[in-house]
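Chains as they are written, first to last, in UniProt numbering: chain F, 1 to 278; chain H, 1 to 278; chain C, 1 to 584; chain G, 1 to 584.
To be clear, the hints were calculated from the coordinates, so they are not data collected in a lab. The reader is advised that the hints may include incorrect statements.
Said to hold, decoys possible - Under the rule of at most 27 Å between Cα atoms (straight-line distance), these lysine-lysine pairs were calculated in the BS3-like manner:
#, chain 1, residue 1, chain 2, residue 2
1, H, K18, C, K460
2, C, K446, H, K13
3, G, K391, F, K16
4, C, K460, H, K20
5, H, K18, C, K446
6, G, K391, F, K20
Claimed, not checked - Per label pair, the in silico range of CB-to-CB distance:
#, chain 1, residue 1, chain 2, residue 2, range
7, C, E527, G, R561, 20 to 26 Å
8, G, S477, C, D408, 54 to 60 Å
9, C, F444, H, Q44, 55 to 61 Å
10, F, L43, G, G406, 21 to 27 Å
11, C, D408, G, G481, 54 to 60 Å
The beta-carbon is built from N, C-alpha and C at its ideal position, and this holds for glycine as well.
Spelled out from the first residue to the last, the chains are:
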Amino acid sequence: MDQVKTSVPVVPKDYKSKIKPVWCPGCGDFAVLSAITKALAHLQLPRESVALISGIGCSSRIAAYTSVYGFHGVHGRALALAAGLKAARTDLTVLVAGGDGDGLSIGGNHFIHACRRNMNMTYIIMDNEVYGMTKGQASPTTAPDWLDSKLTPHGTGLRPFQPAAMALTAGASFIARGFTGNPNGLAKILVEAIEHRGFSFVQALSPCPTFRPEQMDWKHQVREFEEGPTDDLATASQRIHADDGMSTGVIFKTNYPVFQPGRAEHGDLDAIEREFRL
Amino acid sequence: MDQVKTSVPVVPKDYKSKIKPVWCPGCGDFAVLSAITKALAHLQLPRESVALISGIGCSSRIAAYTSVYGFHGVHGRALALAAGLKAARTDLTVLVAGGDGDGLSIGGNHFIHACRRNMNMTYIIMDNEVYGMTKGQASPTTAPDWLDSKLTPHGTGLRPFQPAAMALTAGASFIARGFTGNPNGLAKILVEAIEHRGFSFVQALSPCPTFRPEQMDWKHQVREFEEGPTDDLATASQRIHADDGMSTGVIFKTNYPVFQPGRAEHGDLDAIEREFRL
Amino acid sequence: MDAADNFDISLAVTGSGGAGAITAGELLLSVAGRNGCFGMMRRSFGPQIRGGEAAALLRISSQPVACMNDSFDLLLALDWRNAERFADEITLRPDSIIIADPAAGAVPQPVLDMGGQIIAVPLGDLARDIAAGRPNMVALGLLTRWLGFGPDEAGTLITELFESRDAEIASGSRLAFEQGFAQPLASSARQEASTEQPGAPRNSDLPPLNGERWHFHGNEGCGLGALRGGIRFVAAYPITPASDLLEWLSPRLDQLNGSLLQAEDELASINMVLGASFGGVPAMTATSGPGMALMLEGMGLAVASETPAVVINVMRGGPSTGIPTKSEQTDLNMALHGLHGDAPHMVIAPLDHADCIQATEWAVRLSEALQTLTIVLSDQLLAQSTVLIPKPEYRLPDIPPRCTSGPDPDYERYALTDSGVSPMAIPGTPMSTYVADGLEHTSFAKPSAAAADHAQQLDKRARKIASFEYGDLWADSRGTGDTVILTWGSTTAAAREAVRRLETAGHPVRVIALRLLLPARPERLAEALEGARRVLIVEQSHGRQFEHYLRAYYEIAPETRTLARPGPLPITPGEIVESLTGWE
Amino acid sequence: MDAADNFDISLAVTGSGGAGAITAGELLLSVAGRNGCFGMMRRSFGPQIRGGEAAALLRISSQPVACMNDSFDLLLALDWRNAERFADEITLRPDSIIIADPAAGAVPQPVLDMGGQIIAVPLGDLARDIAAGRPNMVALGLLTRWLGFGPDEAGTLITELFESRDAEIASGSRLAFEQGFAQPLASSARQEASTEQPGAPRNSDLPPLNGERWHFHGNEGCGLGALRGGIRFVAAYPITPASDLLEWLSPRLDQLNGSLLQAEDELASINMVLGASFGGVPAMTATSGPGMALMLEGMGLAVASETPAVVINVMRGGPSTGIPTKSEQTDLNMALHGLHGDAPHMVIAPLDHADCIQATEWAVRLSEALQTLTIVLSDQLLAQSTVLIPKPEYRLPDIPPRCTSGPDPDYERYALTDSGVSPMAIPGTPMSTYVADGLEHTSFAKPSAAAADHAQQLDKRARKIASFEYGDLWADSRGTGDTVILTWGSTTAAAREAVRRLETAGHPVRVIALRLLLPARPERLAEALEGARRVLIVEQSHGRQFEHYLRAYYEIAPETRTLARPGPLPITPGEIVESLTGWE
Ligand SMILES: Cc1ncc(C[n+]2csc(CCOP(=O)(O)OP(=O)(O)O)c2C)c(N)n1
Ligand SMILES: Cc1ncc(C[n+]2csc(CCOP(=O)(O)OP(=O)(O)O)c2C)c(N)n1
Ligand code: SF4
Ligand code: SF4
Ligand SMILES: [Mg+2]
Ligand SMILES: [Mg+2]
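Taking the hints into account, I'd like the entire structure generated from these sequences.
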């Protein structure tokens, strides 16, 4: 695209828009926004070279709060929209962000297929183990015995998904977990994720004080993984399963082939039209 | 249901309908049909107590070829339909069958959520690594370098899903692989799967001689797993990943809590109506 | 209070997050109910997910009301933070009262612009010295008195509400209430609002004042209707504004030996519904526009496989994500025509809150009797506003239950009967096993692409719906005269009120509201339109969806006009009156 | 062959799996083309996935033809296995010829019942002694001669077809062909089929006979139109009968520096399309009924976010899975009205094979110019039948490309322009960053639930489509007279042929075929209907979807009738003629 000119902002806040977030006071999502802006500032990416794609949910509102290009699409389809964008525009840095409901419930199919497809983009699940936007229902990461949803008053009774394990099995080439209580740590992870070539998945533990007030306690439970990232699937799998889901850091990082559709083969429209001649 | 009376057929063919399959000569799906009827005969399940739910695809046509109740629904949604049926009718033996495209591409979200939900039913993916019904496109289990689809003439370039690994990570409590070249072996696996309490997943390698003629060679590649089933997730994961996808047998079997929605609480409609009174 | 004393007051209480405007409004409505009044309350919120500004919009009347009035008699602002957000929704007149705490700062310009007489009340100061006392309870006291109610009912209600949670809050709230109640305002509502007010309803064609009062929002109404109709399985995925319908149903299904399954998405919901229904259990889902869009393929399967299924769509502003928290009647097109192929089905819309119960029950019974899909079109306005009305009465005709088949060795699932309805075997029934199919099929459920099978099955699926005798519930007609308002769904209440006003002013007008949208009943409407000289179509849609539907399926009077306007603001009786009075 | 020699022959070749009926048919059509003729071929298959019975249904004419004829002059059966499956599709007359190998057994009753003169030819025996020689090639020889063509073209074509694969098959096929060619039939087509035949087309309003011949099926036509329109990204999920359109596009997009991405499902496809289009690359998907049902939510997002997107729906029999391999015009409802909310968009339908190219190109250009969704409604009949026609000529008006924005510090994505089209910034453009949204928004793309913003954005999205000048392509009108046939899509060709027949018989009739279905152009149709006394609506739908659409949006002549019939059999010119001749 010939219009791409550099106009590099220098500080994180240059990546913020003027729109005031609708988030509740204390929502973890504020820290995800700040981590993203920090990561972009660190990488000195021109605003116009970045696109942030999201679905629907409190967390998915994030796109409008940045000053990069963005698409606030429909519920659960952000990864698909992003794949189309990246397919058409390799030159852009494509980020995708949204909630645990958006990404793992309604969007579950696109999640596993995006992992498998391994296109060069970064996906952040802002995980609060609840549907915030619709006022507090259980998501696929909610514990089976969480009783505060009127929709499932006896708890879901279902074992929660482990997003990192799902990503690993489905074929993601970069997997990390961060925490909004440590926005600088999250920003560092995001920098690494964006720099990674391939599909990078970051689970950001992002408390919902409104519907999951008990998550305010996460700051006492979160710790860093003892080991650094591995490129061995079995090791990564073991680590994820041995963990309680509260350890942070980059877990897995490897070099799977990066997918980008299309290959510039020789041809032109006239030649194609000639095929129609008898 | 008070109409349930036993009328037990004694031989496998009693579980077949009079409808002639549309399948091509040599299609592996014939053997899946025969394995299912053998398993049902072995278990002596009354026809009216069994329901076979399927989606769309060559393989999904299987429902019409049995003499049990069935629903040949839409593409990719068989597991959801089956969950509704089982939720409403715990008394029925619910089987679900369909293709790799039906179950892992368009139906991927229901697959992972059905595994997680762990309702008491059996799901058979009739895996031919291709979309047969639509005349030969790549499915999520197709090798990246399969060049015979006009839709992806250079191959997909994507690492195939490992259905067993996906099921394991998503929470299935019974995972097995069978081969249509060994219908008795497959029938045995199906018996075990049906008897298992919880969500049992069986990947049936079922060649498509029409669009994947090279699969006729599978009979030389398939072998049995050396070890019997494990109930340890890490062990199962390792075995699946160490394998080339051609070993058969029951891989994983455990006792996760079985989900069944609803709990008979005390109440009646009049009492509910009284809530409307000021 | 004297029940014969006719009054009709609209008032709004606003406040920023946590100020308690909604709680005050809800209590006030209950106070009114305990005092023998009727009423209605809408809630309105700013964009913030939780803790943002909120407004309780109330109408309290000595006569049953079913819609909001055009303007407000009183606005009480607990504070002014972001209050301009509600300027759209709270229309004031020069004679309206604005109650504000001077300590909350100046009245914002958009509010001032509407006129209204400002009365300063130090709500904050009055609450300050009361432990756990809050200005919203002071406001409640003030308004209770202004409305001419005594203090006792409110005291009891406050105790009921808070005592189980926190005794200190309960007593603080009571004290704050009393502080407010002790403040006489310059004027009282009983004097201000007389029967001459244009909004005041009349006794004519309204239920009697006495007797049981029901207090519910439309989502609860639809939920109750579903249960009465026999729904015992629900699968659904949360979505505004249908979530509270689902949340209401979940524990109650448990109580009735049924169940609710939270699905991973809407594609799953609708297919789960089909599975349960195939299993013999009447089943339903509820959603809103975007969710129903995802269900259409599964809904087509219900039609083709002849599996009973009910889908409630609680409409919100569209297109796309649109305005999720506000009402609009714009999913009509999709409900009528969103299915691919020739897919005859039923579409039913409740006409007001009471009808949420009746129409939904009817929808369930029809779906079961005709073994097909029925869509119920509710909307956010019905769903999330609360009414206080006389106990509803129903006139549901007898409808046969699902026609099932016993054991039958020659069972023919899609048999070509006269009625088009074929006995359905429920799994568990010996010998009658069959495979339900979305592929075209023979009468024996065998897949078939033959022209004759296709024609016969299309015929039977259309016939069973077209030939059914729906009785009088297909529409509701009120009033007289050669001018007719044609409407549907939640705009009905505003249209009825407009008709009453016009009648009072000596202009008789009829309102015909269609409850049964599909199948269309052109002969019935032609009868109902007998003598109509002109027709005003009223709908809440920018694209005139209802008008196009009417043109497609009916013959309407030669002279027609359309009052079509999008959301988010509800269509008011005044707008309708204006459309008619300007037409000569 | 002399081009002035008018003839028009319909013939069918059937056979069981592997018998090669389709190959023989395809070669015969090419032979006809090389001999300066025109023609068309449909393929029909039994239910078996592969290797089941197949029929090649051909029409070969000295004049361009665009639809199949009512009946067949000749049926050649390579064998009779399951041949009754095609009895519906192959109507014979008492004077038709049935060629059969006596060794293949008796002619089945359903075929005998239609009449026809049986000629026994030992196809099997004639091929037996030729290595790699097969009866279908014998049949090809027989038919080539019967049609009055010389043997050379066929010989060359056989060589071209087989040589690259297998030299023995090539020479065996040639020899078998020659064996067949050596068999004179009692009569020849040139004598049988004269210009007096009702089906024979006339020179009037048809392109000239000479010049370039094009040979393609409708799916290829739509594909070419899409590429000409500028589509460079396609995301899609396979579905019958759209898969071959996608398979045709995939390598060609590669050649044009574009790409095709096979999606995991249709929900992904449509959202991928939006992503690519947001990125500045014209993008499209193709699907059929059930797939489009799944895309509707995403399509609504295209409308609300004003992202150009094209969706081709190659219609098949519905509802639900229906009859996937056969044609019907029953996704019209869904295309017009399937989106939730008020979601104005465009719907365009090609009228014949040549128009597949033009209409699709037009759709793409409109979608780009107006930054919204355009649906193209093709169908299985167009998509999977092959035509041999004169090189198509287009009359596409100039349409501006997508209006983009340069760097702009005050960029206003959804600015309220007169045209309703707002300049769109493409990612990469400095300063003009914005976030596209499906939530209602201000002109600056900020989420908003305000009534004014909603009204303004609804207005602009409607205005840009309503006020655009579409020129003459909105419909195609032919013929004269006060009787008018109103139709759309693939039934147009049959209607036009009916009009030619009626004209020949001295009954002038007009046919107006709508290419632009949304936005409706009521003023234009009123003009076009000037002088119409009565109107026959023709559509392939059981539910009369087109008729209801016409009633909803247009004023039609007072006297109207409808010829509405479902698939799977195409509507024929004869059926239309009959509807009109019976109407007095
Ligand atoms: C198709 C569709 N279904 C349902 C919804 C309603 N909905 C909006 S956001 C949401 C879930 C939000 O949860 P999550 O993605 O975890 O985000 P959070 O609000 O917790 O950040 C749902 C169910 C919708 N907008 N669209
Ligand atoms: C919504 C929808 N999309 C696409 C299709 C077309 N379709 C039918 S079957 C099929 C895939 C079949 O593959 P698989 O599930 O592997 O079954 P197989 O035919 O190989 O047994 C597809 C894409 C459809 N019927 N419905
Ligand atoms: S509801 Fe929860 S997730 Fe949503 S904004 Fe509030 S705190 Fe954040
Ligand atoms: S196409 Fe393949 S999968 Fe389908 S019936 Fe034929 S052999 Fe079986
Ligand atoms: Mg969440
Ligand atoms: Mg397959």
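Now for the hints, and whether the structure bears them out:
{"no.": "1", "hint": "H:K18 <-> C:K460", "in the structure": "holds (25 Å)"}
{"no.": "2", "hint": "C:K446 <-> H:K13", "in the structure": "holds (19 Å)"}
{"no.": "3", "hint": "G:K391 <-> F:K16", "in the structure": "violated (56 Å)"}
{"no.": "4", "hint": "C:K460 <-> H:K20", "in the structure": "holds (26 Å)"}
{"no.": "5", "hint": "H:K18 <-> C:K446", "in the structure": "holds (10 Å)"}
{"no.": "6", "hint": "G:K391 <-> F:K20", "in the structure": "violated (59 Å)"}
{"no.": "7", "hint": "C:E527 <-> G:R561: 20 to 26 Å", "in the structure": "holds (25 Å)"}
{"no.": "8", "hint": "G:S477 <-> C:D408: 54 to 60 Å", "in the structure": "holds (56 Å)"}
{"no.": "9", "hint": "C:F444 <-> H:Q44: 55 to 61 Å", "in the structure": "violated (27 Å)"}
{"no.": "10", "hint": "F:L43 <-> G:G406: 21 to 27 Å", "in the structure": "holds (25 Å)"}
{"no.": "11", "hint": "C:D408 <-> G:G481: 54 to 60 Å", "in the structure": "holds (57 Å)"}
The structure fails hints 3, 6, 9 (numbered hints given earlier, in ascending order).
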